[in-house]
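The sequence shown lines up with residues 5 to 536 when you count with the numbering used here.
Mixed in with the good hints, there may be bad ones.
With a straight-line Cα cutoff of 30 Å, these simulated DSBU-like cross-link-like pairs (lysine-lysine) come out [as the list claims (entries may be wrong)]:
id, residue 1, residue 2
1, 292, 169
2, 298, 170
3, 169, 82
4, 301, 442
Simulated from the structure, these hints should not be mistaken for lab results.
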Amino acid sequence: MYCGRMQDRQRTTDSGIEIRPFYESGDLGDFDPDKMLASPGNYPYTRGIYPDMYRGRPWTMRQYAGFGTAEATNERFKFLLSAGQTGLSCAFDLPTQMGYDSDHPRSEGEVGKVGVAISSIEDMRLLLNGLPLDQVTTSMTINSTASTMLLLYQLVAEDSGTDPKKLGGTIQNDILKEYVARGTYIYPPRPSMRIITDVFSYCKENLPSWNTISISGYHIREAGSTAVQEIAFTIANGIAYVEAAIEAGLTVDDFAPRLSFFFNAHNNLFEEVAKYRAARRMWSKIMKERFGAKDPKSMLLRFHTQTGGSTLAAQQPEVNLIRVAIQALAAVLGGTQSLHTNGFDEALGLPTEKAAKLALRTQQVIAYESGVVDTVDPLGGSYFVESLTNEVEAAAWDYLDQIDKIGGAVSAIEAGYMQDEIEQAAYEYTKNIDSKRKIVVGVNDFLDPNPGDQEVFPIDPAQQLLQAKRVAQLKAERSQEPVTVALAELERVATDGGNLMYPMKKALAERATLGEVADTLRKVFGTYQPTR
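My request is simple: use the sequences and hints to build the entire structure.
Take a look at the structure:
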């Protein structure tokens, strides 16, 4: 039956780019075939960073997991690996992200709620127990305390006999987007940037296969940005990290090959594909022309994708399965290197095992049944996709030009520029839903009068009490003098200069806690207080 809901809707992407009724060659503007259609694996990498992409092997299927205690998350990791997951991805609770131990008064009520609680090397041992660290790569979504988590991971791996040079994975370690969009910062921006560049230098010498940062647009998009703003602000932050590393004395080709990115995937399939293609092209040009990179690996925008958490609806949650499938397909068509698919029930709580398995199966169906992996960049050459890629890129460059005029990403964040732009975009998006200019199935149209009950993942308060007690017991039983000496050395290096990673590792090996390390740095650096 004919549905009239669509006939009067203005046809634009979520970024406001006008969509014409059909596309032909004249819509490509100043067509540059070398720029637009260079073969995959060749500069400027519009069509993909590797010549064969998924023909050699699929992307890494890296399902995000973390809740309660380290033991509970370890069980979920093993469940996902047994279901065919090919990489680990760890979520941490808010106290861990903010540098508080589980027994701290500010942690009460938040321990294990949105991720796993890790306060010490003992917790990390439990988290990684029985996992093949020399065979799987691990992604850790954490920023202010990313350096601490990485060192704990390294210490546990070394204790188990694993060569650190064989460890592979990623720490998010992207503090700038916390000031822009998310809020789990501790220190002011400039000392936070020092920690990040210390990580770059440390990993070059000690963990050469580790991705030292995942420059994240995901949370920028979750805060309400458009697709264009997502890549523009993410790339602006990436530029700031490169500049900070160079100012710290690093050579661009020494650290840039280990940079990686993290993007969102929303429902507008073609704009999302265009977004990834445009971002690759922009980053390669920036690294080559702005920073003079010579190593082709320095020019590759390697990225992980997660489907859009903010797009999931609590109403008719099974419909989220279709949203996630479309978003995952967009990420694959856009050339992602790894992918997390959200559970259909995540608008209600942490994903149940059933939802987590279905999310993984969604990736597996795309990889092994859809045929989209059989050729590289299957949408390349489409008049529509190429035109949209050009338009997304042009709009993103406009944002980058404005940020450069302000003085770069850090100055733009301090001025509130990015925050204001995201806030306005989020307002417009919500207004369009309220007015039904944008239809969200089950939310503002196609409603279900009899929703029924939905299984929700249970949170066990006893786990929180157990974790807090375990941290207090560690502090009571350890030898305190070596901890005190190690933390004093960390404070000295933070004050006088030097790479913070080395005294931090010593303190953690002596069983200092995450909160004690963070408190030591708070004493020197202070804490960030937004001015607006």
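Evaluation of the provided hints:
Proximity of residue 292 to residue 169 is assessed by CA-CA distance (about 28 Å); at most 30 Å being required, the pair is judged to hold. Annotation: proposed proximity of residue 298 to residue 170 holds, straight-line Cα distance about 26 Å (limit 30 Å). Annotation: proposed proximity of residue 169 to residue 82 holds, straight-line Cα distance about 24 Å (limit 30 Å). Taking the CA atoms of residue 301 and residue 442, the gap is near 41 Å; set against the 30 Å cutoff, the hint is violated.
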